[in-house]
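Based on these hints, arrange chain B with the ligands on the given structure of chain A.
Residue numbers (my numbering), protein chains in the order written: chain A, 461 to 912; chain B, 4 to 470.
Just so you know, these hints were derived from the structure itself, not from any lab. These numbers were taken from a predicted model, which means no experiment stands behind them. Just so it is clear, CB atoms sit at the ideal spot from N, CA and C, and this is done for glycine as well. Take every hint as true, because none was put in to throw you off.
Residues from chain A shown here face chain B by an in silico Cβ test under 7 Å; the list is partial: (1) C479; (2) N480; (3) I481; (4) T483; (5) S484; (6) E548; (7) V549; (8) C550; (9) P551; (10) K732; (11) E733; (12) K751; (13) L752; (14) T754; (15) H797; (16) G800.
Taking lysine to aspartate or glutamate pairs in the EDC-like style, the calculated list, with each CA pair at most 16 Å apart, reads: (17) A:K801 x B:E342; (18) B:K265 x B:E236; (19) A:K619 x A:D841; (20) A:K801 x A:E817; (21) A:K801 x B:E321; (22) A:K801 x A:D766; (23) A:K478 x B:D183; (24) B:K265 x B:D226; (25) A:K801 x B:D314; (26) B:K376 x B:D421; (27) A:K801 x A:D763; (28) A:K647 x A:E672.
Incomplete in silico selection of chain B near chain A, CB under 10 Å: (29) W45; (30) E212; (31) D314; (32) G323; (33) T341; (34) G344; (35) L348; (36) R349; (37) G365.
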Amino acid sequence: MPATSLNAVGLSLNDCIKCNICTSYCPVSQVTDSFPGPKYAAPQSERFRDFGHPFYADDAGPISRTLAAGRMPDASVDFCSGCRVCNEVCPTGVRIAEINARARARIAAARGLSLRNRLLGRNELLARVGSIAPGLANFLLHNPLSRRLADALFGVAEKAPLPRWHNETLNRWLSRTRAQRLRSQQKVVYFHGCATQYYEPFVGIAAILVLEHLGYEVIVPPQNCCGLPMLSNGEFSAAEGYHRRNVARLIEFVNAGYPIIGTSTSCTLTLKEEAPELLDLENDADVRALKLATWDIFEWLRDRLDQGRLPSDLRPLHQSDRPFILPYHAPCQLRAHRIGKPALDLLARIPGLDLRESHARCCGIAGTYGYKTEKYQIAMDVGAELFDYVAAQSAASDREAAGSLSFTACDSETCRWQLEHGTGIPSRHPIELLAAACGLYDLQARRPADAN
Amino acid sequence: MAGVLDLLVIGAGLTGLFAAYTAARAGLRVRVVARGAGSTHWHAGTIDLLGYLPNGQDAVANWAQALPELPPAHPYRLLGVDAIAQALDQFQRLVAAAGLPYVRAGGGMAFTASSPPEDRNLQENDPAEQFDDPRLGQNGALISPVGAARPVYLAPAAQQAGNLEDDRPLLIAGLDGMPDFYPALIAENLQRQGRLARSASLPLDQLTERRDRSPLHLARLLDRPAAQALLTEMVVNAAAPGERVGLPAVLGLNDHARLLEKIDRALAARDPDTAQTPDRRGACAAVFEIPTLPPSLPGLRLDTALRARLDRLGVRVEIGMEVCGFHATGRRIHWIETETGSRPLRHTARNYLLATGGILGGGIHGDRCGHVKETVFDLPLTAPQTRAQWLRPLFLDKRGHPVFRAGVSVDHRFLPLDRSGAPVYDNLWAAGAVLAHTDPIRERSREGIAISTGCAAANAVVRGQQL
Ligand code: SF4
Ligand code: SF4
Ligand code: SF4
Numbered sequence: 461m462p463a464t465s466l467n468a469v470g471l472s473l474n475d476c477i478k479c480n481i482c483t484s485y486c487p488v489s490q491v492t493d494s495f496p497g498p499k500y501a502a503p504q505s506e507r508f509r510d511f512g513h514p515f516y517a518d519d520a521g522p523i524s525r526t527l528a529a530g531r532m533p534d535a536s537v538d539f540c541s542g543c544r545v546c547n548e549v550c551p552t553g554v555r556i557a558e559i560n561a562r563a564r565a566r567i568a569a570a571r572g573l574s575l576r577n578r579l580l581g582r583n584e585l586l587a588r589v590g591s592i593a594p595g596l597a598n599f600l601l602h603n604p605l606s607r608r609l610a611d612a613l614f615g616v617a618e619k620a621p622l623p624r625w626h627n628e629t630l631n632r633w634l635s636r637t638r639a640q641r642l643r644s645q646q647k648v649v650y651f652h653g654c655a656t657q658y659y660e661p662f663v664g665i666a667a668i669l670v671l672e673h674l675g676y677e678v679i680v681p682p683q684n685c686c687g688l689p690m691l692s693n694g695e696f697s698a699a700e701g702y703h704r705r706n707v708a709r710l711i712e713f714v715n716a717g718y719p720i721i722g723t724s725t726s727c728t729l730t731l732k733e734e735a736p737e738l739l740d741l742e743n744d745a746d747v748r749a750l751k752l753a754t755w756d757i758f759e760w761l762r763d764r765l766d767q768g769r770l771p772s773d774l775r776p777l778h779q780s781d782r783p784f785i786l787p788y789h790a791p792c793q794l795r796a797h798r799i800g801k802p803a804l805d806l807l808a809r810i811p812g813l814d815l816r817e818s819h820a821r822c823c824g825i826a827g828t829y830g831y832k833t834e835k836y837q838i839a840m841d842v843g844a845e846l847f848d849y850v851a852a853q854s855a856a857s858d859r860e861a862a863g864s865l866s867f868t869a870c871d872s873e874t875c876r877w878q879l880e881h882g883t884g885i886p887s888r889h890p891i892e893l894l895a896a897a898c899g900l901y902d903l904q905a906r907r908p909a910d911a912n
Numbered sequence: 004m005a006g007v008l009d010l011l012v013i014g015a016g017l018t019g020l021f022a023a024y025t026a027a028r029a030g031l032r033v034r035v036v037a038r039g040a041g042s043t044h045w046h047a048g049t050i051d052l053l054g055y056l057p058n059g060q061d062a063v064a065n066w067a068q069a070l071p072e073l074p075p076a077h078p079y080r081l082l083g084v085d086a087i088a089q090a091l092d093q094f095q096r097l098v099a100a101a102g103l104p105y106v107r108a109g110g111g112m113a114f115t116a117s118s119p120p121e122d123r124n125l126q127e128n129d130p131a132e133q134f135d136d137p138r139l140g141q142n143g144a145l146i147s148p149v150g151a152a153r154p155v156y157l158a159p160a161a162q163q164a165g166n167l168e169d170d171r172p173l174l175i176a177g178l179d180g181m182p183d184f185y186p187a188l189i190a191e192n193l194q195r196q197g198r199l200a201r202s203a204s205l206p207l208d209q210l211t212e213r214r215d216r217s218p219l220h221l222a223r224l225l226d227r228p229a230a231q232a233l234l235t236e237m238v239v240n241a242a243a244p245g246e247r248v249g250l251p252a253v254l255g256l257n258d259h260a261r262l263l264e265k266i267d268r269a270l271a272a273r274d275p276d277t278a279q280t281p282d283r284r285g286a287c288a289a290v291f292e293i294p295t296l297p298p299s300l301p302g303l304r305l306d307t308a309l310r311a312r313l314d315r316l317g318v319r320v321e322i323g324m325e326v327c328g329f330h331a332t333g334r335r336i337h338w339i340e341t342e343t344g345s346r347p348l349r350h351t352a353r354n355y356l357l358a359t360g361g362i363l364g365g366g367i368h369g370d371r372c373g374h375v376k377e378t379v380f381d382l383p384l385t386a387p388q389t390r391a392q393w394l395r396p397l398f399l400d401k402r403g404h405p406v407f408r409a410g411v412s413v414d415h416r417f418l419p420l421d422r423s424g425a426p427v428y429d430n431l432w433a434a435g436a437v438l439a440h441t442d443p444i445r446e447r448s449r450e451g452i453a454i455s456t457g458c459a460a461a462n463a464v465v466r467g468q469q470l
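Next up, chain A with everything else stripped away, as it sits in the complex:
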């Protein structure tokens, strides 16, 4: 049984000043009565779960105990989506979402995990199996009957926006195009994550094309799921295994001084912070080195931009002279990096692009949250703020009888699926837009520009 110690996460509850700002902003607590809100679920309750007791904070240093020990968290904490909006607004730095994640882990350790949550946590395994025969897998997963069965038997929401397997994984594309890949003295490592590998290889392709365009050789070493789905479902020991394997595979590149760049904001956040912190691995030297070497792709590009090392050959995204309106949603997974909104800084350089920043708190899906039958409606209600915002942008553009809304943009894959599900408008990763503006990528067909 895994142990966790009282570290910065648990101790941070002592800084709570009971201002209730987190409760004011929690998007889940706003739409459902099942969740009392961050202040009640985290700093207030954790104090009574032994771990957070101020008594433990003093002299003797961190106390380790098995997850199941201590008092059992209230089941309502399962309704926290982990979106971290609360962390962002808390004026005193309480690690509310992490306290909740640990509470869920304690419940999972004591009571076991449902088959559904176990499955959702292993989306990489599912994805790999499906990619053997993508057509068949898509049929099996997406036909109405199996969706209804999955809902009834496992509690996977019938209407939730499940992804489709792509007919070619990123790895297969890489080996097929090996001869065309750039070799260079300047190298970066690309972390694709499961969704890019199996469902959206074109996002990885766009990233690789842009990085090569800038003169970097892109190394794509073997890697596995970052483990986040398990972390958010409270399966800490399995998540630790995943993370340690990734560290073992990436550490030689980290030690060689190469940046580890990702397009999936949740994967990069897990490598940077979630896994080290939740799993108490912060003192492991390799884990720490990987944490410090990991970048969101736009965070890294913005850093080049600040150093004046980005070419400025961007062209408009379309030929007509109508403005191209693009609503952009910074996903909470990205905001949790606390790096601002670097994609906005880069996309703002595309000529003729009318970029509109959404201030919606969350799209609702929160990783695997919105896929659960009992949470599907909550996720849609949470997302309404964002869907309404997008709708308002297209209404405005109609009035001007000028540009129309052909895409939205968002850095996180599950959010894009949810955005498409909620708005009916296709959504793109900002790197796809940047690749298209470099003339490397077909935004509509989602493939390299020169492909036939």
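Chain B with the ligands only, in chain A's frame:
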């Protein structure tokens, strides 16, 4: 990234947001970073200028006249009445343009901004009106969450009818089962002050099944027309003719003005004879909000209005960013760094404004050993450096506690000073509760200090940029 920022504001409370607004309106490129949402969220939403003098027992009747009695180093003394009035004037224009009008407490006014949105820019640039007003500086008295008289200068329309200079009888109506609001206690305290007041409790279960009712949940609920109709009916049934009704400040997040208006009209329609006669300013309402424990809706509405205005000026407000370091050579700050999930993030600007707040806001930290520190730049502080001197024995001591007066000393341009009285940096400014020689909690001067010093520091930055 079109060029470097002219001003990076650290802190997203009233001070930081209003300073950012002032500088951005003057044409500067501005950004705000903050560790969390501003402390606007837990304040009453009124603009208190000066309620009590240090060591004074009685409430200040007119802050403009009381200014000379403040210690010479007090931020208000650095500014003078005119600069403060000018800043308040700017503030009033801003919030009026955002549809959340503020006037002097007891001034009376309609619940909604009367001007259509197209006129709002115009309004924001109108010439000042406040200066020739003979009542400049006159505090009003509103009802505190426990029923005490609270000296207030500017108040939002929603709180105006709670003015205690008005002698209409009061009905304090709570919501049965809403924690954190105590109508009976408020009414009892008002009676002790010799006012005609009683309390009532409206059944909340008709509105919601929910048990943990935070003010915000109730407010969102009351944005819905059906809930508004229900509450209106309950209030009309509870109120006696001629009474004005005080309700907890939960009457809506986006739509509170409409609900207040509905209730007001329903009360007037029921008792046409005793219906309130409009005063010279327009309306004299029969219903008002009393601030609650946090989260405070009036504060939240103010924050929303300011943020919306900044958004339109192209000012990004990034919260969730905690400063963890900075780099300076000589008297110049080159960049600051904020903490991230991985390596620190660098922010570069020509000027930096420290608006991180005092001990409560997190701009000043006191540790267990009695050290008091300014949290971002470790600036010199005026503070009692032994823990024994921090606090007086009585929690509610009228003189306040010495540690809350701890802060950064500044010159008349709002540049922080070192012990010798010279500016610590040439491009660092400070404003708001982080300043020394004021105890905003005890003085009831929080928002006045925030607005006037935020505005002054931003103006000083603007002047420096123009040189
Ligand atoms: S992580 Fe999101 S859902 Fe969970 S408590 Fe925080 S704000 Fe609410
Ligand atoms: S926002 Fe932070 S300090 Fe305020 S109640 Fe929530 S956890 Fe506590
Ligand atoms: S799926 Fe997206 S916006 Fe939504 S919860 Fe994730 S990160 Fe937040």
